[in-house]
Structure formats: C-alpha cells, structure tokens
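Protein chains: 2
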Amino acid sequence: MRLSRYFLPILKENPREAEIVSHRLMLRAGMIRQQGAGSFSWLPLGKRVLDKVCRIIREEQDRSGALEIMMPTIQSADLWRESGRYDAYGKEMLRIKDRHERDMLYGPTNEEMVTDIFRAYVKSYKDLPLNLYHIQWKFRDEVRPRFGVMRSREFLMKDAYSFDLDYEGAKEAYHRMFVAYLRTFTRMGLQAIPMRADTGPIGGDLSHEFIILAETGESQVYCHRDYLGFEVPGEDVDFGNAAEIAGIVGKWTTPYAATDEMHDEAAWSAIAGDDKVSARGIEVGHIFHFGEKYSKPMNASVTGPDGKEHFVSMGSYGIGPSRLIAAIIEASHDENGIVWPESISPFDVALINMKSGDTECDRVCNELEAALSAAGKDVLYDDTDQRPGAKFATADLIGLPWQLIVSPRGVAAGEVELKNRKTGERENLSIAAAIARLGGIA
Amino acid sequence: MRLSRYFLPILKENPREAEIVSHRLMLRAGMIRQQGAGSFSWLPLGKRVLDKVCRIIREEQDRSGALEIMMPTIQSADLWRESGRYDAYGKEMLRIKDRHERDMLYGPTNEEMVTDIFRAYVKSYKDLPLNLYHIQWKFRDEVRPRFGVMRSREFLMKDAYSFDLDYEGAKEAYHRMFVAYLRTFTRMGLQAIPMRADTGPIGGDLSHEFIILAETGESQVYCHRDYLGFEVPGEDVDFGNAAEIAGIVGKWTTPYAATDEMHDEAAWSAIAGDDKVSARGIEVGHIFHFGEKYSKPMNASVTGPDGKEHFVSMGSYGIGPSRLIAAIIEASHDENGIVWPESISPFDVALINMKSGDTECDRVCNELEAALSAAGKDVLYDDTDQRPGAKFATADLIGLPWQLIVSPRGVAAGEVELKNRKTGERENLSIAAAIARLGGIA
Chain A
1 MRLSRYFLPI LKENPREAEI VSHRLMLRAG MIRQQGAGSF SWLPLGKRVL DKVCRIIREE
61 QDRSGALEIM MPTIQSADLW RESGRYDAYG KEMLRIKDRH ERDMLYGPTN EEMVTDIFRA
121 YVKSYKDLPL NLYHIQWKFR DEVRPRFGVM RSREFLMKDA YSFDLDYEGA KEAYHRMFVA
181 YLRTFTRMGL QAIPMRADTG PIGGDLSHEF IILAETGESQ VYCHRDYLGF EVPGEDVDFG
241 NAAEIAGIVG KWTTPYAATD EMHDEAAWSA IAGDDKVSAR GIEVGHIFHF GEKYSKPMNA
301 SVTGPDGKEH FVSMGSYGIG PSRLIAAIIE ASHDENGIVW PESISPFDVA LINMKSGDTE
361 CDRVCNELEA ALSAAGKDVL YDDTDQRPGA KFATADLIGL PWQLIVSPRG VAAGEVELKN
421 RKTGERENLS IAAAIARLGG IA
Chain B
1 MRLSRYFLPI LKENPREAEI VSHRLMLRAG MIRQQGAGSF SWLPLGKRVL DKVCRIIREE
61 QDRSGALEIM MPTIQSADLW RESGRYDAYG KEMLRIKDRH ERDMLYGPTN EEMVTDIFRA
121 YVKSYKDLPL NLYHIQWKFR DEVRPRFGVM RSREFLMKDA YSFDLDYEGA KEAYHRMFVA
181 YLRTFTRMGL QAIPMRADTG PIGGDLSHEF IILAETGESQ VYCHRDYLGF EVPGEDVDFG
241 NAAEIAGIVG KWTTPYAATD EMHDEAAWSA IAGDDKVSAR GIEVGHIFHF GEKYSKPMNA
301 SVTGPDGKEH FVSMGSYGIG PSRLIAAIIE ASHDENGIVW PESISPFDVA LINMKSGDTE
361 CDRVCNELEA ALSAAGKDVL YDDTDQRPGA KFATADLIGL PWQLIVSPRG VAAGEVELKN
421 RKTGERENLS IAAAIARLGG IA
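Each protein sequence line maps, in turn, to chains A and B.
Numbering of the first sequence is given in the working numbering, commencing with residue 1 and proceeding in unit increments.
Numbering of the second sequence is given in the working numbering, commencing with residue 1 and proceeding in unit increments.
What the hints contain is simulated information worked out from the structure, not anything from laboratory work.
Certain hints may be false.
Identical chains blur together in the list; that is why a pair holds if it fits in one copy or across any two.
Derived lysine-lysine pairs resembling BS3-like cross-links, with alpha carbons at most 25 Å apart [as the list claims (entries may be wrong)]:
hint, residue 1, residue 2
1, K419, K123
2, K12, K91
3, K47, K12
4, K308, K123
5, K296, K377
6, K47, K171
Keep in mind it's a predicted model, so treat the numbers as computed, not measured.
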C-alpha cells in the first residue's frame with residue numbers, strides 16, 4: 001500500500017479528550033475516530049489491526065472445536081423475559097421499540113439467544129459437546145463511557161457458549177476454552193495470566209479472567225513469578241485429549257494469581273518475596289461456567305444416555321477484540337508511539353523513501369515494495385513528499401515492527417537501512433539482503 | 001470438518017413460513033434461523049458462505065482502490081439533522097433514545113457518518129480521490145419483512161462512498177466501482193447485468209443496478225442478448241488507467257438493458273426479436289452518483305488547485321451480502337436443494353462414508369480427508385451413522401459442488417465415486433485419482 005493513496009489521518013497534537021495512552025495513540029495514529037459518546041469508527045489502519053486480532057481469535061476458537069455463527073445485534077425483549085434478565089438488567093441495556101411498538105434491545109450479550117438456538121435443534125446428548133461462538137457488535141449504555149475503545153458503548157465481542165450434558169462435560173469444555181485463550185493471547189505477543197474470578201451465586205471455581213500486565217493497567221494484580229516462565233501449548237496441542245488439556249489447566253491454575261477483588265493476603269504472604277509479582281493489569285478475556293442458569297428457565301434440555309431429560313450445563317467465554325487492541329497498546333508502546341507485536345501489526349514493514357522523486361530512491365523503493373509484496377509481506381510505502389523527519393515520526397507513531405529506510409546516500413552505496421521499531425537497532429544491508437531478511441526467504 | 005462434530009440442523013419438512021425457494025432452502029439446509037420478524041442468525045454453514053461472499057467483495061473493493069473502514073451501527077441523530085434526513089426518513093429508520101434521552105438511530109445507511117469522517121480530516125484536492133467502504137450490519141424497519149434474508153430488517157451491507165474534487169473525478173470513481181462490481185459478481189459464478197436506474201432529482205446517467213437473471217426473480221427485466229456473451233475484465237485490469245476503465249463501462253452500458261421501472265418500449269421494439277432477452281431478475285448491487293447532496297449541507301469541501309473551496313462530489317456503492325446469498329440460491333438450485341458456485345460454497349467437497357464404522361471405508365475416508373485438507377480443500381466429512389439415503393439427501397440439499405462417495409463395494413475395488421452436484425454426472429476413480437482431481441494437483 002502506498003501512503004499517498006492511503007487514508008492515514010495522523011494527528012500531530014495530543015487530543016485533549018484522551019485520558020489514557022492507548023486512546024491518545026489510537027487517535028493520533030489515525031486508527032479510530034470518535035463518532036459520539038463511546039462510539040468509534042475504525043479507520044483503515046485500525047481496521048487492519050482489528051481484522052488481524054479477530055483472525056487469531058477465530059483460528060484458536062476453531063482449533064479448540066468451537067463453531068462460528070453470527071447472531072443479530074437486535075434482539076427481542078421476549079427472549080430476555082424468559083430468563084428474567086429483561087427486568088433485572090439495568091440502564092446499560094439499550095431498549096428499543098420498533099414501528100409496531102414491540103420491545104426490542106441491542107444485545108449486550110447473547111446467552112438467551114444462543115440458548116434459544118440450541119433448544120430449537122438439539123435434543124440428544126449424542127449431539128454434544130457443542131460450543132457456538134460469534135464475533136459481533138454489542139452495546140452497553142454506560143453512564144460515562146471513557147478511555148476510547150477500552151470502555152466504549154458499542155464494542156466488538158467474541159462470545160462463545162458451551163453446551164454439555166453435565167458438569168463434567170462442561171468442565172472439559174471450560175478447559176478447552178482456557179487453553180484456547182492461552183494460545184490466543186500468546187499468538188498476539190501477550191503474556192496473559194489466568195486469574196480466578198468471582199463466581200457469585202453460581203459458585204464453584206470455574207471462572208477466570210485473563211490479565212495482561214501493563215504499567216498503565218486499570219487494576220492491581222498479584223501473581224507468582226512462575227507464571228512469567230510458563231510455556232504456552234503449541235499448535236499441536238490435542239483438544240480431543242481431555243487429560244492433556246486438564247493437565248495444562250492444572251499447571252496454569254496452581255500457583256497463586258489473583259486480581260485485587262479476589263486477593264487473599266494470607267496466601268500471598270506465604271509466597272517468598274522474590275517470587276511475588278505485584279503489578280498493574282488489564283483484563284482481556286473472561287471465561288465462566290454458569291451451569292443451568294439459562295438452560296433451566298429457558299427449558300434447554302437434552303435426553304441423556306439414561307433416557308431422561310437433562311438441562312444442559314453451560315459456560316460463556318468472552319474476548320473483546322476492540323478493547324483488546326487498546327490493552328495491547330497500553331502494554332506495548334514508548335514515548336514515540338505504538339510498538340505492535342508482529343502478528344497483529346497492520347502492516348509488516350514501513351518502507352520509507354527519504355527522497356521521493358529521486359530516480360534512484362524511487363527505483364529501489366519500487367523494487368523493495370514489489371519483492372516484499374511477492375513474499376507475502378504487507379508493506380506500507382511512504383512515497384509522499386513529506387520531509388524525512390515527519391516520515392520517521394509517522395513510522396514510529398504507527399508502530400510497524402520494521403522500518404526500511406531508503407536514502408540517496410544509502411542507495412549510492414547499494415544499501416538500505418533497517419530499523420527495528422521495538423529495540424531501535426539499526427543496520428545497513430544490501431537490497432538483496434533486506435529482501436531476504438524481511439521476506440523471510442533466507 | 002466432521003459432520004459428527006458440526007452443527008448442521010437440517011430440516012426435513014418445508015418450513016411453512018417460507019414463501020420463496022431461497023428462504024426455504026436456507027432454513028432447510030441449516031444455514032439460518034429466524035430470531036424475530038426480519039431477523040436471522042447465521043448458523044455455521046451459512047456463516048461460511050457469508051464469509052466467502054464478503055471476502056470476494058472485499059478483494060475486489062481493495063483491488064479497485066477503495067479502503068476498508070468500520071463505522072458503528074448506532075449513529076447520532078444530530079448527524080442526520082445536518083443532512084435533513086432525520087425528519088425526511090420514514091418509519092423504516094429505527095429511532096432510539098439512550099439513557100440520557102439523546103436521540104440516536106440504528107444506521108440504515110452511512111452517507112452522513114462517512115461525510116463527517118471525510119470533512120474532519122481531508123482538506124485538499126491532493127488527498128483525492130478517496131473511496132471508503134465498510135461491511136456492517138444495517139437495520140431498516142420494514143413494515144412487513146419477508147422472504148428471509150432477501151428482505152430482512154437487520155442485514156449486512158457493503159457500502160462504499162467515493163469523494164472527488166469534481167464531476168469528472170466522481171465519474172472516474174463511479175467507473176472503477178462499476179468494473180469492480182462486474183468482477184465481484186463474476187467471481188461468484190453470477191452473470192450480473194448492469195441496468196440503468198432512476199437518478200431522481202440528482203439527474204444524470206450515473207446510476208446502475210446490477211441484476212442477475214433468475215426464474216424466480218422479483219421483477220421483470222429487459223436486455224439485449226449481447227450482454228450474455230460479454231467478457232468480464234480479468235484481474236490484470238488496470239484501475240489506474242481511466243481510459244481503459246471508461247472503455248469497459250462504455251461497452252457494458254451501450255446495448256439496451258432496463259428494469260421494468262426504466263423500460264422504454266420504443267427502444268426495446270427497435271431490437272431484433274432474437275436479440276431480446278426478457279426475463280425475471282434480482283437486484284444484487286446498486287451504484288449511484290449523488291454529487292453534492294451531502295457534501296453541501298454538511299460542508300464537506302476541499303481546497304482545489306485553484307485555491308478555492310469546492311464541495312466534494314460523491315457517490316455510493318452498495319452490495320448486500322446477506323441478500324446476495326439468497327439471490328444466488330434463487331438463481332442456482334434444483335428440486336433437491338442448493339447448487340453452490342464453487343467460489344462461495346461453504347465447503348469444497350462432501351465426503352460421504354456410506355458405511356461409517358466399516359474399517360476399510362473409515363480408513364479410505366480418513367485418507368481422503370487428510371489428503372484433500374492438506375491440498376487446501378475444505379472437506380465436510382459425513383462420518384455419521386445415518387443411512388446412505390439420508391446422507392445423499394443432505395449432501396444434495398446443502399449443495400457442495402462435489403460429492404465423494406466411499407462405499408464398501410467401491411473400496412473393495414480400490415475405487416471411490418465422484419458426483420458433480422450441478423450436472424449429476426458420476427464417475428469412478430481410484431483414490432489417488434480422486435485426490436489428484438479434487439486437490440487440483442493433477
């Protein structure tokens with residue numbers, strides 16, 4: 001993509017309304033635009049990150065056996081009356097009347113609707129386990145939406161729902177999703193630590209928040225240092241092997257880890273000082289077993305092997321991709337801008353022509369753009385007539401992992417400069433070597 | 001994907017509420033489920049088709065130079081007051097009040113919002129042309145939603161918006177989108193004919209509906225037979241070459257083509273009888289130049305080369321992917337079910353094990369599934385214990401282009417049977433030959 005044909009509205013000034021760094025950087029980098037209170041458009045650069053994040057989420061949901069569907073945003077109030085939540089849910093629910101004065105709502109979540117889908121078709125334990133997910137816009141009418149897409153009213157959510165015959169089955173479903181989440185966040189370059197979360201009236205221990213550490217995090221979290229060294233299962237992990245999956249969950253839930261809310265001073269003080277990690281954290285995912293909470297009032301049951309009807313045991317599993325992107329920026333930026341992990345960077349390489357219009361610089365840039373594109377890399381080629389300083393500032397701000405700098409002096413020497421955005425390291429390479437390195441060919 | 005682990009809720013009976021064949025087949029094939037009046041969930045099989053359709057649309061939008069963004073579904077009424085449409089738009093607009101009693105609405109379309117994005121950032125003709133699109137859910141509160149996803153209230157829409165300095169630029173943008181649409185529909189196996197549409201108070205001739213022919217189509221259309229033989233430009237078409245693009249549009253707009261609404265009996269009667277094609281058609285896309293209709297009231301202008309401010313000249317370009325899928329089924333089905341064009345089929349191959357549990361049949365199916373998956377093909381493997389007749393009926397109903405049938409007798413002879421869903425042709429092949437044929441290796 002050539003920057004001259006792209007739509008990248010960089011802001012030079014810090015937007016006054018942005019209270020946190022991710023909001024500020026997303027506005028400045030031209031990723032998002034605010035359209036109203038807690039409502040954002042995703043501009044081309046932001047949309048690319050959103051797509052990459054969703055693709056990783058989807059791949060790991062699919063790998064774990066979940067099936068993707070797409071439920072509508074607008075729901076009938078009747079469905080929520082069945083579960084009792086229509087009256088219980090507060091003002092955060094956006095309530096709507098259609099032209100026939102029917103009560104509708106913009107879904108803040110989808111337990112009721114997915115349970116309705118389930119009960120319409122599934123009648124036997126033989127059709128279980130089942131896990132249905134979708135990635136769809138949700139609306140929660142927060143009193144004071146703030147922090148950009150970290151806490152907006154309209155937001156994207158991946159929500160998965162598992163259906164099983166009994167608690168044992170539901171626990172296995174929960175474990176699979178737990179491991180899928182570990183893999184999902186690792187693939188995005190994040191270290192996410194599962195921390196036990198409140199289960200409220202449901203009880204039990206099947207509720208975890210996945211927390212990433214970031215200095216600017218929203219809450220205080222506590223965990224054992226062991227977590228920082230744990231390896232995340234590879235893509236050969238066998239989701240069909242319940243024992244293997246349970247073993248991974250066991251390992252990842254044994255050392256101490258708790259959010260402020262669930263913090264236990266006694267357990268914490270028993271940990272050796274060097275092993276204590278106390279830091280700021282951001283929640284990026286939540287998995288939750290809620291058993292028959294919806295299946296019972298909504299009459300979602302299957303015939304079991306015993307010939308009797310059983311209300312299915314359910315769980316829900318959420319990741320907010322739009323919020324996640326803000327969290328990633330909170331965890332990965334410096335004073336010059338965003339520092340994208342490679343797997344979710346909007347482009348792989350920023351190709352910077354320091355003298356657009358110079359025949360040799362243009363020729364080398366064209367060659368690099370063509371070769372890297374052919375190698376499957378996404379290149380953002382700054383072919384504009386901005387001054388070099390402005391081009392460098394833009395490249396740092398938007399945070400692509402690699403900058404490839406083409407200058408008249410370098411080209412005369414047959415060289416280009418490669419800069420690593422994260423470390424700041426620079427090196428000079430021949431054009432062929434740069435192509436080989438970035439194209440992943442050599 | 002193994003059918004035993006998939007969620008494919010086939011209906012044996014014809015659903016009473018479905019008036020048209022696409023609605024009936026989508027319900028019966030377990031592609032969609034109705035959630036309320038004009039509101040549908042997309043089940044796994046349907047979601048896969050939706051994704052494939054959207055991917056083709058996206059690739060062709062990108063190729064033509066349009067840039068993808070994502071605007072929110074909920075919009076502020078204030079924006080629509082600026083254009084004057086908040087009061088003008090009828091009851092089809094879903095009007096909402098949030099918790100602070102602010103007037104909002106569920107976007108039925110996005111001219112206002114995209115114009116707002118444009119005016120916030122773009123100030124000079126040097127940043128033009130610009131074409132921004134998104135694929136997002138829309139809501140139109142139809143009095144009587146019907147025909148399934150063909151005319152639902154909540155529906156997916158790709159809407160693109162072009163911004164240019166003047167009419168000449170806007171015309172070139174229109175031409176690019178015209179050609180992108182030709183390519184988009186052709187890639188989906190459709191023959192779409194551009195027909196001049198009403199421009200209302202805007203005037204001019206830059207408004208076309210893209211119509212596919214289908215016996216069950218919603219309206220009568222008339223065109224010259226030449227269209228049926230026209231070749232659609234290949235992927236090497238140069239969107240940067242305005243003359244080339246205008247030439248293609250010229251060719252595709254010269255012979256007579258009109259919907260019922262725009263039909264001109266005098267021009268029609270001048271065509272030789274053999275060249276007249278009068279048929280039923282379904283609109284699958286609409287492109288429209290509307291000039292300064294929004295830029296003027298919303299004050300979206302750029303500085304021109306003359307140093308003066310110019311209201312930008314705009315156009316909009318829509319395709320409804322959810323509606324399009326229904327249209328494709330109307331155009332491509334038989335008495336046994338759907339017949340998917342290869343490029344948008346939810347899976348490439350239906351692998352049918354006629355005797356699940358039989359060691360040899362299972363072994364051969366596993367081998368075929370692994371080899372075809374490795375070749376990049378999406379295989380839906382019917383490993384259930386249903387009777388062969390039911391498996392064949394399901395495979396025909398869901399309409400995958402190829403059925404690969406593994407029977408005890410065939411396996412004993414070292415053969416499998418390959419059936420073409422569209423033609424019904426069957427042939428026996430060795431396992432290696434079947435892999436080579438379907439994997440596209442040989």
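The hints, checked one at a time:
no.	hint	result
1	K419 <-> K123	neither (59 Å within a copy, 32 Å between copies)
2	K12 <-> K91	neither (38 Å within a copy, 43 Å between copies)
3	K47 <-> K12	within (21 Å within a copy, 41 Å between copies)
4	K308 <-> K123	within (11 Å within a copy, 69 Å between copies)
5	K296 <-> K377	neither (51 Å within a copy, 41 Å between copies)
6	K47 <-> K171	neither (35 Å within a copy, 27 Å between copies)
In the structure shown, a violation is registered for the earlier hints numbered 1, 2, 5 and 6, in ascending order.
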